Amino acid sequence: EFAHYQLKKDKVAMSLISGTGESLYLRYKDRLDRVLYRVIRLSSEDFAQHIYYSIDSGEITFGQAANKYSEGPESKTEGFIGPVDLTTPHPEISSRLKTASPNQLFEPFKAEEWFTIIRLEYRFESEFNDQTKKFLGELLLGSKANSIRENLIKGYKNSF
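When the letters of the sequence shown are read in order and numbered with this note's numbering, they come out as residues 19 to 178.
These are calculated hints, taken from the structure and not from any lab test. Wrong hints could be hidden among the right ones.
DSSO-like, lysine-lysine: derived pairs with alpha carbons at most 30 angstroms apart [as the list claims (entries may be wrong)]:
1. Lys-29 - Lys-128
2. Lys-162 - Lys-175
3. Lys-116 - Lys-47
4. Lys-26 - Lys-47
5. Lys-26 - Lys-128
6. Lys-152 - Lys-162
7. Lys-175 - Lys-27
8. Lys-94 - Lys-128
9. Lys-152 - Lys-47
10. Lys-152 - Lys-29
11. Lys-116 - Lys-172
12. Lys-26 - Lys-152
13. Lys-116 - Lys-26
Fair warning: this is a prediction, and the values are worked out from it, not measured in the lab.
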């Protein structure tokens, strides 16, 4: 019975995605792609510029600078964050990571109260394949099920 239920669920999920799958994929791409990046957060703009130029010129590695100078928890991991989807980082960080090339080092910029230096290490690009289609179909199915459940609850409450 469970296998039959799973088969029916998969068929319904795939039928929901047919025709709209590619546009849905593009809408959720930021949640499907993953990035591994490094970050250094500093409270001083001048010191952030100094660290940036030290890394850029090869005087110090990013990991060494993060361990020694970063004021955030990434100081314990040589600055590594991730892999995470592109909706997880601060929007200022995320916007740069979306267009970054691997090993691209960004000059310090303001993200909340921090002067932030980042470098993209690796991008894990999602693909519009059967696995992604299944995931998106299940996402749509869950969304539709929640909507139906909420309508049933409203109808139930209104009957009293």
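Against the structure, the hints come out as follows:
no. : hint              : result
1   : Lys-29 - Lys-128  : violated (47 angstroms)
2   : Lys-162 - Lys-175 : holds (20 angstroms)
3   : Lys-116 - Lys-47  : holds (11 angstroms)
4   : Lys-26 - Lys-47   : holds (27 angstroms)
5   : Lys-26 - Lys-128  : violated (50 angstroms)
6   : Lys-152 - Lys-162 : holds (15 angstroms)
7   : Lys-175 - Lys-27  : holds (29 angstroms)
8   : Lys-94 - Lys-128  : holds (22 angstroms)
9   : Lys-152 - Lys-47  : holds (14 angstroms)
10  : Lys-152 - Lys-29  : holds (9 angstroms)
11  : Lys-116 - Lys-172 : violated (41 angstroms)
12  : Lys-26 - Lys-152  : holds (13 angstroms)
13  : Lys-116 - Lys-26  : violated (37 angstroms)
Consistency note: the structure conflicts with the earlier hints numbered 1, 5, 11 and 13.
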